[in-house]
Amino acid sequence: MAQSIAKEFTKGLWAELPPFRLVLGLCPVLAVTQSVENGIGMGLATTFVLICSNFLVSLLRNIIPAKVRIACYIVIIATFVTIVELLMQAFVYELFLKLGIFIPLIVVNCIVLGRAEAFAGKNAPHMAIADGLGMGIGFTLSLGALGAVRESLGAGTILGTPLFGPDFQPFTFMVQAPGAFVCLGLMLCLMNLIGKK
Amino acid sequence: MHKQNKYTVSHAPFWHDGDTIATMNLNLILAALPAAIFGILKFGAPALGVLSLAVSSAILWELAFNFISKRDITIADYDAAAIGMLVGMMLPATAPWWIVLIGTLIAVVVGKMIYGGIGGNPFNPAVVGIAVLLVSWKQIFDFDAALLNYEFGFTALAPLAALKHQGVAAMDLFQTRDLAMGCQVGSIGTVFGAGIILGGIYLILRGYIRWEISLSYVAGILLTAFLFRLVNPDIYASPLFHLFTGYTLLGAFFLATENSSSPVNLVPMIIYGAMGGVMTILIRNIGSYPDGTVFAILLINLINPLIDRIRPKALGKGVNNA
Amino acid sequence: MREMISMVVVLTVLSAFSGGLLATVRSNTQDRIENQVLKFEKAPAIKAILSDVSNDPLQDRFKLTTDGIENTFFVGKQDGKAASVAFETKGKGFEGAIGLMVGIDLETDTVIGVRVTTHSETPGVGSRAKDDPSFASQFEGQSLENGFSVKSDGGAIDAMSGATITSKGVCLAATKAQELYTKLKPEINNQITNLAN
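Protein chains in written order, with my numbering: chain A, 1 to 197; chain B, 1001 to 1322; chain C, 2001 to 2197.
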């Protein structure tokens, strides 16, 4: 039992790593990873929604009629997203300003609905939490990693601390939109290279 | 009827005429030499340094990628060398070494190798490299600042930047003949317009590039600039001014004609070239960048697969009542 | 039929539960969010306008309701006496509402300064209303007798080139502030006296 919980948890960290392995949820991956802080903030907000919605969906999986399950999932997910939005406004307002429209858009993030439909709707609550936690942490780490690459090259800083000397001329391409695509592509390439071995 | 539509094929045996990708790329480099040598003579040792570093680093990046991806070594086809040469020619002589290295890295690896190497690239690799540099380090391409310490016997202002900042009055500072003969401030390989045309004509005569693309590109430039001039001569510069400044000629003869990112049929080639010319002038006259050639060529590369669908009807297709 | 009923019941209960949860979270975070908004959006503008006051205008604030709209007024004191008041009005810009913080000297009835607080104007064009101080500084020291308008409308304000609509929006907000101030002046004075006690 404990083994399978561990399995559900770890699959989100590597084998089914959302953005790089499943290539899911790319909208926030591309849009908010200009810096590590934004990436991790977005990742944590998504993780919270994932765990809560997975838990609730799994808890109600025998009550929800099959025909309206998507509508029910959306209600559950939207509720938690709104809660996250309110909490972020109340406690981390600066981060909320930076992430802006992408917080409400967690509702349509395919990872959240995808996990509810593919996993939580068919498995017991403790498994669903493990799954949500694993996926969420995997997502957060991916966003953080992409943010780290883009921030360090594009602005010369990590979490706002300068990395290089004053002579460094930032590679601004990396923090712009096309840089996000190129960077994501190279990360995917690297993942496949490592995964193949 | 255009000759490309006659596919006369005789019986085997066939005889290979000895032409290879390597000879094509060597000819390309040879054709670029007049303009490049002029640049070296004009800007001195730093220009030679930038060009050598660009060519050698482009080859090394390709070699490194060959090793990492465990493919056959492909540097012997001189394609990387040609890309490096073009990247170098589009940089100012004072470009720092790391700019050259990053430019060729992006050109060769991101622009070509990750698509599967030669023939697989949807964009002109050299243009991809330069575009990324241009977006990231705009100040490097400020030729006025870059070449501040040079003494020239002519107006030491980058023509397109002057046009952007001072308006059409700046045009009076330059004679078209001087511009064509290389009396202007700019990147290493693009100041000597006549040399580029010479190289371009050589390539056309040898059949390595398609005259349709070059000609329609130049026509697009001239026509669009002429129309702008017609509407308001107080704001917009003359067609010939646009033709002999910036990357225009290099774009027409060396960049837009790159094999795998340009169309193969007559009508698509003409649309492709003309669009490039039109976009270049639009970006120059309306956009915020002084020179639009780089972005214009990326744009026409992008529409290439689409317009290449305009092609002769294949025999036997499209019969419904069979 | 049973399925029908269960679908309706489940969805209704779920939505009701979600609504209740959201209402609870909202009522618990409302005050904090208001403080956060004040701190991050209004505070910089207020501090910039009421720069030489001895108190904290964020603390000395009161609310007045006119025509069903609630406005918050921030009072600036000098030598323990109320000297100026700042409040926010909205004007219609190119892309939506422009929030404008207007500071008024209570004695001379002139504008001390204005700052754009929130806007959704085009970055680099309309956004200069907020980022470029030379536009906003035109309002400084203007009398409140008449409204404000751009020069092409017969006023005294130079519109920002390329951003006439935004400039007009800012003028509209300033005019609204003038109207509001003229109308509410007795009440404002009242409130300030209350505040002092």
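Source of the hints: derived by calculation from the structure; they are not laboratory data.
The model shown is predicted, which means the values in this text are computed figures rather than measured ones.
Take these hints with a grain of salt, some might be off.
Said to hold, decoys possible - To spell it out: a stretch of chain A is covered by chain C in this simulated footprint if at least three of its residues, at any positions, have a beta carbon under 8 Å from a beta carbon of chain C; those stretches are: (1) 56-69; (2) 180-192.
Claimed, not checked - Listed below are the simulated DSS-like cross-link pairs for lysine-lysine, each with C-alpha atoms no more than 27 Å apart in a straight line: (3) C/Lys2047 / A/Lys98; (4) C/Lys2092 / C/Lys2063; (5) A/Lys98 / C/Lys2039; (6) C/Lys2151 / C/Lys2063; (7) A/Lys196 / B/Lys1070; (8) C/Lys2185 / C/Lys2047; (9) A/Lys98 / C/Lys2185; (10) C/Lys2151 / C/Lys2077; (11) A/Lys98 / C/Lys2090; (12) C/Lys2039 / C/Lys2151; (13) A/Lys98 / A/Lys7; (14) C/Lys2077 / C/Lys2047; (15) C/Lys2081 / C/Lys2039; (16) B/Lys1164 / B/Lys1070.
What the hints assert, rightly or not - Computed list of chain A residues with no C-beta within reach of chain B, every gap over 12 Å: (17) Lys122; (18) Ser152; (19) Pro170.
Cβ coordinates follow ideal geometry from the N, Cα and C atoms, glycine included.
Okay, the hints, checked on the actual structure:
1. 56-69: holds (count 6)
2. 180-192: Coverage by chain C is violated here, the residue count being 0 at a Cβ distance below 8 Å.
3. C/Lys2047 / A/Lys98: holds (22 Å)
4. C/Lys2092 / C/Lys2063: Holds - the C-alpha atoms of C/Lys2063 and C/Lys2092 are around 23 Å apart, at most 27 Å.
5. A/Lys98 / C/Lys2039: holds (16 Å)
6. C/Lys2151 / C/Lys2063: Distance ~34 Å between C/Lys2151 and C/Lys2063 Cα, so the pair is violated.
7. A/Lys196 / B/Lys1070: Holds, because 13 Å separates the two Cα atoms, which is no more than 27 Å.
8. C/Lys2185 / C/Lys2047: Since the Cα atoms of C/Lys2185 and C/Lys2047 sit roughly 22 Å apart, the hinted pair holds (cutoff 27 Å).
9. A/Lys98 / C/Lys2185: violated (38 Å)
10. C/Lys2151 / C/Lys2077: Not OK: C/Lys2151 and C/Lys2077 at ~34 Å, beyond 27 Å, violated.
11. A/Lys98 / C/Lys2090: Answer holds: A/Lys98 to C/Lys2090 is near 23 Å, not above 27 Å.
12. C/Lys2039 / C/Lys2151: Answer violated: C/Lys2039 to C/Lys2151 is near 34 Å, above 27 Å.
13. A/Lys98 / A/Lys7: violated (35 Å)
14. C/Lys2077 / C/Lys2047: Given pair C/Lys2077, C/Lys2047 holds - Cα atoms ~13 Å apart, limit 27 Å.
15. C/Lys2081 / C/Lys2039: holds (24 Å)
16. B/Lys1164 / B/Lys1070: Violated - the C-alpha atoms of B/Lys1070 and B/Lys1164 are around 48 Å apart, more than 27 Å.
17. Lys122: Check passes; 39 Å lies beyond 12 Å.
18. Ser152: At about 14 Å from chain B, A/Ser152 clears the 12 Å cut-off, so the statement holds.
19. Pro170: Answer for A/Pro170: violated, closest chain B Cβ roughly 8 Å.
Hint compliance for this structure: hints 2, 6, 9, 10, 12, 13, 16 and 19 are not met, and every other hint is.
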